[in-house]
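Engineer: Sequence:
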Amino acid sequence: MKIIVTSPSFGKFNPDIYDELQSEGYEVVKLIPYDRQVMLQEVVDADAIIVGLETMDEEIMATGKQLKIITKHGVGVDNIDLDAAMRCGIAVSNTPGTNNDAVADLAFGLMLSVARSIPDANSNLKEEKWLRYDGNSVWGKTLGIVGLGAIGKGVAKRAKGFSMDVLGYDITEPTQEEVENGINRVSLVELFQQADYISLHVPLNKFTKHMVGKEQFDMMKDSAILINTARGGLIDEEELKYALLNNRIKGCGLDVFDEEPPTNYDLLKLDNLVVTPHMAAYTIEAVQLTSETAANNVRKALKNEGEVNVVN
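Start counting the sequence shown at 5; every next residue gets the next number (the numbering used here).
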């Protein structure tokens, strides 16, 4: 049976995983760097795909007549056409829980970086400029978390260490874990109006696309700091640029963008924006665990032991 790997991160820190799969009788084809035309050739007789951020659409799925499973090396599956997968009878799975702490760490790191102008202070000092910045406190402030899944709750746990008041919004029912972490459920409007820091942790879909735009920026405090480590499409980047340029909010930290790599350079160059290249999930430990989980998803599906972590 044939497995195509398009994710550059798969096996990056545990390369023996390729040997393990091959020793179990699988043919493993590394399609890195990704080439769509080569994919359309290779997928004809493939049984599984381990995918990163590459787009998996109906043409690829329909060409892969033997495909049983596409597993995401990660959590967000917005690059995979789930409806097409259903029509083609292909299971789509992901690797939940493997990078929760890594993403929560970076979300909080971005919060601190924006609040205290750490990147600018670092750059200036390396250029022999001794410039001190007037920062914003994080201790004791109000944090609003949009999306109370595992990552959102992880950010709340970190906020407890900074004695923050935590507001939360989610479409699901409240859990005991939220109570234990001091999360106070509020409406989305109340969260945007009251929070000093806002961190986004929801999937990207037709309901959440540009969920933060002009209306939401108008609700926020002019001292608010917005953090996004989820998906770039959650924020209307043109409205974000306007809000930052006109001091409608204090600052923003982004790990994700509408287009990746981003081309909105007018936004990227703003002094009150801190950016990282979609790396929140990328710690050695998280990538190792993600690779192991993705491989196990494929093994179980191809051995008919039950597709684990199926999302469609």
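Don't read these hints as lab results, they were simulated from the structure. The reader is advised that the hints may include incorrect statements.
To be verified - Across the chosen pairs, the derived CB separations fall in these ranges:
hint	residue 1	residue 2	range
1	L135	T176	19 to 29 Å
2	N18	L135	35 to 45 Å
3	K164	N316	43 to 53 Å
4	N316	G144	39 to 49 Å
5	Q180	R40	25 to 35 Å
6	K34	R136	30 to 40 Å
What the hints assert, rightly or not - Quick list of in silico lysine to aspartate or glutamate cross-link-like pairs, EDC-like style, CA-CA up to 20 Å:
hint	residue 1	residue 2
7	K225	E263
8	K307	E31
9	K304	D275
Just so you know, even glycine gets a beta-carbon here, dropped at the ideal spot from N, CA and C.
Engineer: Taking the hints in turn, state whether each one holds.
Structural biologist: Now the hints, each set against the structure:
1. Take L135 and T176: their Cβ atoms lie about 45 Å apart, and the range 19 to 29 Å is violated.
2. Look at N18 against L135: about 43 Å separates their beta carbons, and that is inside 35 to 45 Å.
3. Checked against the given bound of 43 to 53 Å, the beta carbons of K164 and N316, roughly 35 Å apart, lie outside it.
4. Look at N316 against G144: about 43 Å separates their beta carbons, and that is inside 39 to 49 Å.
5. Look at Q180 against R40: about 46 Å separates their beta carbons, and that is not inside 25 to 35 Å.
6. K34 and R136 have their C-beta atoms about 49 Å apart, which leaves the hinted 30 to 40 Å range violated.
7. For the given pair, K225 sits about 27 Å from E263 by alpha-carbon distance, which is inconsistent with the 20 Å threshold.
8. Simply put, K307 and E31 have alpha-carbon atoms about 15 Å apart, close enough for the 20 Å limit, and the pair holds.
9. Between K304 and D275, the direct Cα distance comes to roughly 48 Å. Violation of the 20 Å bound is thereby established for this hinted pair.
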